[in-house]
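**Student:** Listed here are the chains, written in short residue letters.
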Amino acid sequence: MSRPQIMPRGEERLYFEALAENKLTFGFCTSCSKAHFYPRTVCPSCHSDQIEYRVSSGKGTIYTFTTQYRAGNPALEDQVPYTIVMVDLTEGYRMMADLLGTAPEDVAIGLPVVAEIEHPENGHSVVHFRVEVSNG
Amino acid sequence: MADKSVAIVGAAQVDIFKTKDRSPVGLAALAAKRAVEDAGLKLSDVDALFTSSSYYAMPTLTMAEYLGLSPNIVDSTSTGGCSFVQHLGHAVAMINQGLCEVALIVYGSTQKTDAGKLVSIAEHSVYEQQYGLIHPLGAFGLIANRHMKEFGTTSEQLAQYAVSAREWALLNPEAPYPTALTVDEVLSSPMVASPLHKLDCCLVTDGAGAIIVTSGKRAASLKQKPVWVLGTGEAQNHRNISQMPDFTSTKASVSSKRAFEQAGVGIADIDTAHVYDAFTISLLILMEDLGFCKKGEGGAFVENGRLAPGGQLSLNPNGGGLSFSHPGMLSMFLIIEAVAQLRGTAGARQHQGAKLSLVHGMGMTLASHATAILGNEAP
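Chains A and B, in that order, are what the protein sequence lines are.
According to our numbering, the first sequence is numbered sequentially starting from 1252.
According to our numbering, the second sequence is numbered sequentially starting from 381.
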């Protein structure tokens, strides 16, 4: 599917290069041991510059969501309605993405989700989430 | 009158629903002219210029050029909709430092004429942009769903605020929609970003506004009864919604505490409140964080017409962003309505005997906050 085009720079570009290799990365401060997202050059908690860009499991739970019945960008007009989620990842950071494969009436805060990385033909890789189906 | 007292001595708003043949800066220029005239001053008396814009990247240059001004000092602090309340606090500090004496704070927008939707030169985060969040509505959908989950807030409660705002607007001859609204009408308006409906959202209007701020000493010789700036405060904690630390609480608690402490008054002393209502949910959360009710009780607080005319609090008596005017950045118009209430010139919606008003602006998605306490008795 088409996506709004972006122009990442510097550490932003490193994040999208990792995504292109199927790695969702987050910032981890080796000084205070706190995770952060989006990955920064300086820790937003302790202001150390000893930051590692670690690879995430992509697993988490929905912190909140909204289903939009109008597109926020012309590139997404054929997608409505679509659901945007804030996800609390198990590594201790929170990120925005969209939720695929769940009808609007079935979305709920607290549902377990897992990341899925898409590589569109044009443009940058994109993280989506899907509700995790338990094997037990 | 204290040595460091500063007052608002002029105010004007122009074309607050729809303009014609006026650009954003041209509309703002007219508001500036009328505000200095309201004060009994001339534009050539202005020695400090404050503005923010959704159109102009260097708005003080644009505005000063258009008006033929050469101010001693300028401030184009841009924190979204609350910018002008922040400018007011900065103007007080600059006047008290002797950097200037007559400050013009001004804003103009033609977003209704342009496109009927929010105009913005603001950039998006690369970590959000791919997802097509409607700015700013989608973010408030995220905020509202979380508030509902944590506190049991309902869509009916949110709708009650929209209904109260419209009741106030019916007392304002300048308000654009002179018909009552019902909870059912709000709930049956199209869902745009769940759980928010079209009528949970502010109007999209044109409009310009300006205020003139000066020292107490200078104010004493001017034609209007001064509206004193008794306290100001500001605080912020994010730029992008995905970075908001807690989606149900804001730094309004900090900015208002600073303003109240400076003014030496408390929330129980407030006669009229002018609080940023871009969305029903933004108003509700701000009422909690400003201290009008406890955290999580905003839903119950807006029920039973408590915020309607004749209720517990004169809140946004001009009809607010939901039912009066919202030209992109609302806080200028919150200040102007507080000035009208404190001058006693608000007509049918006048809070009789109003002495103290709280103005609270928020910017972006509950990201930036600025509070001012205004009064009509000299400090």
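Among these hints, one or two may not hold up.
[Stated by the list, open to error] Derived Cβ-Cβ restraints for the label pairs, each shown as a range: (1) A:P1295 <-> B:I647: 48 to 58 angstroms; (2) B:I453 <-> A:D1329: 28 to 38 angstroms; (3) A:V1331 <-> B:A758: 51 to 61 angstroms; (4) B:P625 <-> A:D1300: 35 to 45 angstroms; (5) B:D401 <-> A:I1368: 21 to 31 angstroms; (6) B:G727 <-> A:L1265: 54 to 64 angstroms; (7) B:P558 <-> A:D1300: 34 to 44 angstroms; (8) B:I647 <-> A:I1368: 19 to 29 angstroms; (9) A:V1306 <-> B:T534: 38 to 48 angstroms; (10) B:L479 <-> A:Q1330: 47 to 57 angstroms; (11) B:I647 <-> A:R1264: 29 to 39 angstroms.
Calculated directly from the structure, the hints in this document are not laboratory data.
Values in this document were obtained by computation on a predicted structure and should not be read as measured data.
From the three backbone atoms N, C-alpha and C, an ideal C-beta is built for every residue, glycine too.
**Student:** Among all the numbered hints in the text so far, which are the ones the structure does not match?
**Tutor:** 1, 2, 4, 5, 7, 8 and 11
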